[in-house]
Amino acid sequence: MNHRQVPRSLVFGIALVLAVGLPVALGHTAALRDEGHAGDLCRAGILAIAGLSLNLLAGYAGQISLGQMSLVGLGAFVGGTVITPLKGDLPFGVGLVVAAATGALVALVLGIPALRLRGLYLAVVTIAFAFVTDEFILGLHVFGGSAGVPVPRPYFGHTALLHNADLAAIVLATLVVVLALDVNVTRSKVGRAFQAVRADEDVAAAFGVDPARWKLIAFSLSGAVAGVAGLLSATVTSTAEHQDYDYTASLNLVVIVVVGGLGSRIGVVTSTAFFAILPHALGRFFSADDALQWSFMIGALLLVVTMALNPRGLAGAGRDSYDEWRARRDPAFTSIIQTLPDLPAVREVRPRVPVGRDGTLLRVRDVSVRFGGLQAVDAASFAVRHNTICALVGPNGAGKSTLFSVVSGLRRPDAGTVIFAGRDITGLPPARRAALGIGRTFQLIGLAKDLSVRENLLLAQHTLLNYSTLEAMLHAGRAPAIERRARERAADAIATLRFERYADTPVKRLSHGQQRIVEIACALVTGPELVMLDEPAAGMSPAAREVLAERLRSIRDELGRTVLVIEHDIPLVLDIADTMVVMDAGRVLTGGAPDEVVAYPEVVEAYLGRGYEQALAG
Amino acid sequence: MRDLIDVLVFGIVAGTIYALIALSVVMTYRGSRVINLALVEVGTGGLFVSWWLWEKAHVPYVIACGLGVAAGVTVGVLFERLVVARMADAERLAVSVATVGVSLAVFGIENIASGQSPRSLRPPVHGIAFRIDGAPVLGTQVFSLAVAVTLALLLTNALRRSDFGLAVLAAAQDPDAVRLVGAPLWRVSAFTWGAGCGLAVIAMILSESTVATFVPGFGGRIFVLGLIGAVVGGLGDLRGAVVGGLAVGLAEAAVNQWVSPHVDVGGVSTVTVGGVLLAVLLLRPQGLLTRAAR
Numbered sequence: 001m002n003h004r005q006v007p008r009s010l011v012f013g014i015a016l017v018l019a020v021g022l023p024v025a026l027g028h029t030a031a032l033r034d035e036g037h038a039g040d041l042c043r044a045g046i047l048a049i050a051g052l053s054l055n056l057l058a059g060y061a062g063q064i065s066l067g068q069m070s071l072v073g074l075g076a077f078v079g080g081t082v083i084t085p086l087k088g089d090l091p092f093g094v095g096l097v098v099a100a101a102t103g104a105l106v107a108l109v110l111g112i113p114a115l116r117l118r119g120l121y122l123a124v125v126t127i128a129f130a131f132v133t134d135e136f137i138l139g140l141h142v143f144g145g146s147a148g149v150p151v152p153r154p155y156f157g158h159t160a161l162l163h164n165a166d167l168a169a170i171v172l173a174t175l176v177v178v179l180a181l182d183v184n185v186t187r188s189k190v191g192r193a194f195q196a197v198r199a200d201e202d203v204a205a206a207f208g209v210d211p212a213r214w215k216l217i218a219f220s221l222s223g224a225v226a227g228v229a230g231l232l233s234a235t236v237t238s239t240a241e242h243q244d245y246d247y248t249a250s251l252n253l254v255v256i257v258v259v260g261g262l263g264s265r266i267g268v269v270t271s272t273a274f275f276a277i278l279p280h281a282l283g284r285f286f287s288a289d290d291a292l293q294w295s296f297m298i299g300a301l302l303l304v305v306t307m308a309l310n311p312r313g314l315a316g317a318g319r320d321s322y323d324e325w326r327a328r329r330d331p332a333f334t335s336i337i338q339t340l341p342d343l344p345a346v347r348e349v350r351p352r353v354p355v356g357r358d359g360t361l362l363r364v365r366d367v368s369v370r371f372g373g374l375q376a377v378d379a380a381s382f383a384v385r386h387n388t389i390c391a392l393v394g395p396n397g398a399g400k401s402t403l404f405s406v407v408s409g410l411r412r413p414d415a416g417t418v419i420f421a422g423r424d425i426t427g428l429p430p431a432r433r434a435a436l437g438i439g440r441t442f443q444l445i446g447l448a449k450d451l452s453v454r455e456n457l458l459l460a461q462h463t464l465l466n467y468s469t470l471e472a473m474l475h476a477g478r479a480p481a482i483e484r485r486a487r488e489r490a491a492d493a494i495a496t497l498r499f500e501r502y503a504d505t506p507v508k509r510l511s512h513g514q515q516r517i518v519e520i521a522c523a524l525v526t527g528p529e530l531v532m533l534d535e536p537a538a539g540m541s542p543a544a545r546e547v548l549a550e551r552l553r554s555i556r557d558e559l560g561r562t563v564l565v566i567e568h569d570i571p572l573v574l575d576i577a578d579t580m581v582v583m584d585a586g587r588v589l590t591g592g593a594p595d596e597v598v599a600y601p602e603v604v605e606a607y608l609g610r611g612y613e614q615a616l617a618g
Numbered sequence: 001m002r003d004l005i006d007v008l009v010f011g012i013v014a015g016t017i018y019a020l021i022a023l024s025v026v027m028t029y030r031g032s033r034v035i036n037l038a039l040v041e042v043g044t045g046g047l048f049v050s051w052w053l054w055e056k057a058h059v060p061y062v063i064a065c066g067l068g069v070a071a072g073v074t075v076g077v078l079f080e081r082l083v084v085a086r087m088a089d090a091e092r093l094a095v096s097v098a099t100v101g102v103s104l105a106v107f108g109i110e111n112i113a114s115g116q117s118p119r120s121l122r123p124p125v126h127g128i129a130f131r132i133d134g135a136p137v138l139g140t141q142v143f144s145l146a147v148a149v150t151l152a153l154l155l156t157n158a159l160r161r162s163d164f165g166l167a168v169l170a171a172a173q174d175p176d177a178v179r180l181v182g183a184p185l186w187r188v189s190a191f192t193w194g195a196g197c198g199l200a201v202i203a204m205i206l207s208e209s210t211v212a213t214f215v216p217g218f219g220g221r222i223f224v225l226g227l228i229g230a231v232v233g234g235l236g237d238l239r240g241a242v243v244g245g246l247a248v249g250l251a252e253a254a255v256n257q258w259v260s261p262h263v264d265v266g267g268v269s270t271v272t273v274g275g276v277l278l279a280v281l282l283l284r285p286q287g288l289l290t291r292a293a294r
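From first to last, the protein sequence lines stand for chains R and W.
Per the working numbering, numbering of the first sequence is gapless, rising by one per residue and ending at 618.
Per the working numbering, numbering of the second sequence is gapless, rising by one per residue and ending at 294.
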């Protein structure tokens, strides 16, 4: 990583010193002596923290919440109750921890419906959550009913921090900590797992990312940050009042995050600053109340315009125009690839899977899958020997890709078993199978398209990165070293592919052929025992296909891996495959050595076509 | 007995308003697979227009209301043309988020124009219309019920009887089919957004007539309950929306009558309805009425 020379900890250390030092130092100067101005600074900082919490959830993990301020409010009320002299009377620090835990816990519960609901339905649930929180939870007697919770100022030693400038130091320091957390998350497997879930849950699972687990982690992380923002906010206003955290407040937070750019922390912070300053700027023309209304209006209109022009906000628009500028400057940027580059070598990054005595790596037994009225796979059985190339062929709709999904775990079969290396894996979720050593590509590209080539290659290594989420968030413990090794592997793969130029380009900007190559590289980078490729030669030039054949052979011969490939290019299949399995209408017609299989009349008729024998002869 | 009648009267009157909101949610959803989160605020905006015409310009009630509805329809159609049409390829959720902007913008305009002082647009009916077993039924309640039922019946039936209506119903299922039968897709889409917003204005006018005053943003709760009604009814089904809205109204009234007075906390009906929403979404995500597999 040549563009990150300065250590992260140093950068954030300096930022932390500035965040604390500047408000305290300026507290006695004209700029911040005014309690109102210092209060505005606090509120802006808190809004930025709340915005970052929503960005973690919606921007990275793709789970939109229209009730985020309710989580903030819960942090304010529960944290406030813990530290208020009337109730808990505990120190401010304890309150922050309790607020974070409350936010995390409630968000976790809110995340449970998200395991089954997507998109709009989840949005509806979060709206309902916002109203339930506003009208029911925050009105409970524990929280002082309609009067709210009075929240004391924190102490520093024996001095109460009565000045807003001192609070601003706390708020800004927290903002820096949250930003550091955000950076650590995005540059680790945690952020990549979030992004993979957002891009496509099936693709994520094939990379070994369990969507349910990571969604819940995203919810609780976001909730914890929101809870902290809540207690800070109640401390600044001196009372936790529920109208500060209602549905409209949540919508305003959505405006800030979306206009700044979903998925961009810089965008979110910039946008918060903009909306904090806007009412002051408008205050020259309107009364203070009207200026606030006008700034909401401007925000609302900006939201509409942003969504219509670029749903990823200002930051997204910036990124897109940068990519387009690069594409213009560099005509080769997205051209179709004519020749296949070298595929990355597989390093021995995981222990080899022991194979049973009979040498069978994969056995599919009597597998049936039914989609409504359609029998997609009908009692299919076949076996793949260790260290061979097996080709799955058959006409479109024969059930090949469905069978792939059964093996990789994305589709539960209605009947039958899948045995991998002597172990029944029929009941295992896809992420566990990926960890066992099954790698796959998809017929349509299976990559997280918003992530760069490098990030996809890192995402592909997800199951190997055995550092904890906490270590990732703190960028401590095992995380830095493991992450460094993963980055080396990704860099090697990129160098082998000669894709240096596109290394940090979002995959969606590449040509289809390039995406296919990246996808195959991702399937290989962890050295899976079984490499499953769904139509790898689709869209490749004849020259590239020849190289592909060579690469697949070397996966078998040099790396000792097993390849299961779906392919329509019969000459290619005949060239490379040790065994062939022919499917038609969900059934396995036959299997065996390619020259035997093609002699089989049913096969010739069902798939290869009548003219085939003449073609072969001629 | 008296209790039950109160619950039924309040439940049905509120329920028909939720049903109207649910209908407008479903209407837009069918046309573009988007939940218009601005519906109720646009509805309140239309109500403001009607109120201003009636109170300040002394326009007769019915005409003022008609113009308010027209204002709502205009906003809906404009939004469809200027934003939704441009976002044809965008994620559906992104379009829904864009409607949040409309909601906040209309809310802002109302606040700047009128502030938070309560306004009142009185319908030409008042007093107690009749009593059932001693329980009074207000004229405004009868009025609201009559208009809402007429509209709901008109919508759920009329759409099935015209080619254009069928195109509207088909649009959500298969836009290409609509193009094939010759109905221009953009007109169908614009219609669903305009009709959705227009319906919302009517719902807010009726709602205001039963609660007697309104301020900017007073419809938030109504929207959530209507939205829940729409989801409970299946979010794609006009009749389901009516049933869902009524069910939510009755559940709310029943809880307010029989549970809320006995517990020492507020918002119990909101919790109940939220629980129903969650249960339906997790157990029968296709809605109570819609058949499972299609």
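Derived by calculation from the structure, the hints in this document are not laboratory data.
Because the structure is a prediction, the values reported are computed rather than measured.
Ideal Cβ positions, reconstructed from N, Cα and C, are used throughout, including at glycine.
Incorrect hints may have been included.
Away from chain W, derived, C-beta distances all over 12 Å, residues of chain R [said to hold, decoys possible]: (1) Ala128; (2) Gly139; (3) Pro429.
According to the in silico footprint, chain W covers these stretches of chain R (three or more CB under 8 Å from chain W) [what the hints assert, rightly or not]: (4) 33-44; (5) 292-300.
Here is how each hint holds up against the structure:
{"no.": "1", "hint": "Ala128", "result": "violated, 4 Å"}
{"no.": "2", "hint": "Gly139", "result": "violated, 5 Å"}
{"no.": "3", "hint": "Pro429", "result": "holds, 20 Å"}
{"no.": "4", "hint": "33-44", "result": "violated (count 0)"}
{"no.": "5", "hint": "292-300", "result": "holds (count 6)"}
Of the hints listed earlier, those the structure fails to meet are numbers 1, 2, 4, in rising order.
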